[in-house]
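Novice: Sequence:
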Amino acid sequence: MFRFLRGLFGKNEEEILTLRVGDVDEWLERREGELEERLEAKTGETRATVAASLQDFKGVLALLGDAEGRDDIPSRLKTVTERSLPSFLSAMEQQIARPLPEDPDGFYAAAADLITGILKIQRGQGRYLAGAFPEEMKEFRQVTSTIGNAVNDLTAVVKEVQDTQKQIDAARDALGIFEAAQTDIARAGERAADLETKIAADEQMMQEKTATLQNLKDGDNYLEAARFEDAAEESLDRRQEAERAVQNLGAQATRVIRKAERVAARAGGKEEGKVLKACIKVLDNPVPAGAGEVAAALPPAVKIVRGQIESGDLALKSKEDRALFSEEGKIEGAFTDAFAHLDEMKKEEEKALARARACTALSEATDLENEIENLKAGVAADRAARVEAAEQVAAETESIPERAHRLRDALVSVAGVPVALEGEGFTIAAETRT
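Numbering-wise, the sequence shown is residues 3 to 436 according to our numbering.
Hints in this document: simulated from the structure, not taken from any laboratory.
Here the structure is a predicted model, which means the values were calculated and not measured.
Hints are not guaranteed to be accurate.
In silico lysine to aspartate or glutamate, EDC-like type, Cα no more than 20 Å apart, as pairs [unchecked claim]:
| hint | residue 1 | residue 2 |
| --- | --- | --- |
| 1 | Lys168 | Asp115 |
| 2 | Lys161 | Asp115 |
| 3 | Lys378 | Glu198 |
Cβ-Cβ distance ranges computed for the label pairs, FRET-style [as the list claims (entries may be wrong)]:
| hint | residue 1 | residue 2 | range |
| --- | --- | --- | --- |
| 4 | Asn372 | Leu225 | 32 to 40 Å |
| 5 | Thr434 | Glu162 | 22 to 30 Å |
| 6 | Gln57 | Gln167 | 32 to 40 Å |
| 7 | Thr20 | Ile179 | 18 to 26 Å |
| 8 | Asp105 | Phe428 | 37 to 45 Å |
| 9 | Glu426 | Gln167 | 25 to 33 Å |
| 10 | Asp155 | Ala431 | 35 to 43 Å |
| 11 | Glu31 | Thr434 | 23 to 31 Å |
| 12 | Ala182 | Thr434 | 14 to 22 Å |
Even glycine gets a Cβ: it sits at the ideal position worked out from N, Cα and C.
Throw the hints in and build the complete structure from the sequences for me.
Specialist: Written out as C-alpha cells, the structure is:
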C-alpha cells in the first residue's frame, strides 16, 4: 500500500547534464560526432533502399522493353504507346543510371534529384502508358513510392541534423564569447600587474635620480660650474654690447655719408657717388664685414665728406656728427677702437665658454632633470593605463554571469535536457520544470 502511494505521489527527478566550461568544446565535438554517425547510418539505410528499388526499376524497364508492339494493346493506344514508350524508357534509364556519391551530403542531394526526376518522367511520358501497361506502371509507382518514402525519411534526419548543427554552432559562438571575456580578463589583469611593477620600479628610479641630482647641486663642482656659466652669459652680453656699439657707429657714419651721397649726386660727382655707395654698403652691416673691409672703405669716403664740409656743401647740425667727421682720423679711430673692443670681448667670451664647457656638472644636472621628467611622464601614462586595465577587468568580470547564462541556455538547446554549468568561481544551476 505504502509502496503504491510512493509510486503515485513520488516525484520523478528530471535528468540534468552538468558541464564544466573547460569540457564544453569536447562535449560539443562528441555531439557533432554523434550527429555524423546518425546521418551516415540513415544515409546507408536509404542507400540500400534506393539501390534495391533501382534494381526493381531495371526489371520493370526490361519488361516494358519486351512489351513494345504487343498484340494485346488496344489499337487506340498503340499509336500513343509507340510514341511515348521509347522516350519513357530512354529517359528513365538515363535517370536511374546517375551515380550516387558516397558522402552523405552528396548522396542526399543526388537522391533528392533522382526522385524528382523519376516523378517528372512518370508525370510526363509515363501518364500515356498507364492504359497500355497498367500492371507495369503500377509497379513503377510502388517502387517510386518506396524511394520517395526513404528520401523523405532521410530528409527528416538531415533537417534534424542541420538544426542541431546550428544549435551547436550557436553554442560554440556563446562559448567563444565567454572565453573571450576570460581571456580579456587574464590579459588585462596581467597588464595591470606588469604596469604596477613598472610604476614601482620607475618611482624608485626617480627617487634615486632625484637624490643624485640634489647631491650634485650641493657639490662644489656644480657651484663652480654655475659661476662659470654665469660668467659665460655675462661675457656673451658684453660681446653683444660691443657688436651693438660697432653697429651704432656704422649707422651714425652711414647717415652722414648718405647726405654726402645726395650732395655729390646734385653736383654730378659720379665717381664720388660710387665711393660713397661702396662705403655705405659696408657700414650698413659693419660687424659681419669686419674691421678690414671697414678700414678699406672708410678713408676715401671720409675724405669726400670732409671736402663737402669744408666747402660748405654739406652742413652737419649734430655736434657728434661734426666732431666725428671734422677732426682728422676721428671716425677711423672710433671704428678701430670699437673693433678692438669687440675682439677683446670675443676672446673673453671664448675663454668663459671654454671654462663653462670644461665643467660637466651643469650638463649632468640637466640630463638628470630630463630623465626625471621623462620618468614622471612615463609613470603618469602607466598609471592611466593601469586604471584602464583595471576598469576592463571589472567590466569583463561583470559580463561573465550574463555570458555564462547565455552559454548554458545554448547548451540546453543542444542537450535537450536541463544543463548546469560550472566554471572558475561560479555555478549556473540548471532550470528544471519541477
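Novice: Now look at each hint and say whether the structure bears it out.
Specialist: Consistency of the hints with the structure:
no., hint, in the structure
1, Lys168 / Asp115, "25 Å, violated"
2, Lys161 / Asp115, "17 Å, holds"
3, Lys378 / Glu198, "15 Å, holds"
4, Asn372 / Leu225: 32 to 40 Å, "21 Å, violated"
5, Thr434 / Glu162: 22 to 30 Å, "24 Å, holds"
6, Gln57 / Gln167: 32 to 40 Å, "34 Å, holds"
7, Thr20 / Ile179: 18 to 26 Å, "21 Å, holds"
8, Asp105 / Phe428: 37 to 45 Å, "42 Å, holds"
9, Glu426 / Gln167: 25 to 33 Å, "29 Å, holds"
10, Asp155 / Ala431: 35 to 43 Å, "39 Å, holds"
11, Glu31 / Thr434: 23 to 31 Å, "26 Å, holds"
12, Ala182 / Thr434: 14 to 22 Å, "30 Å, violated"
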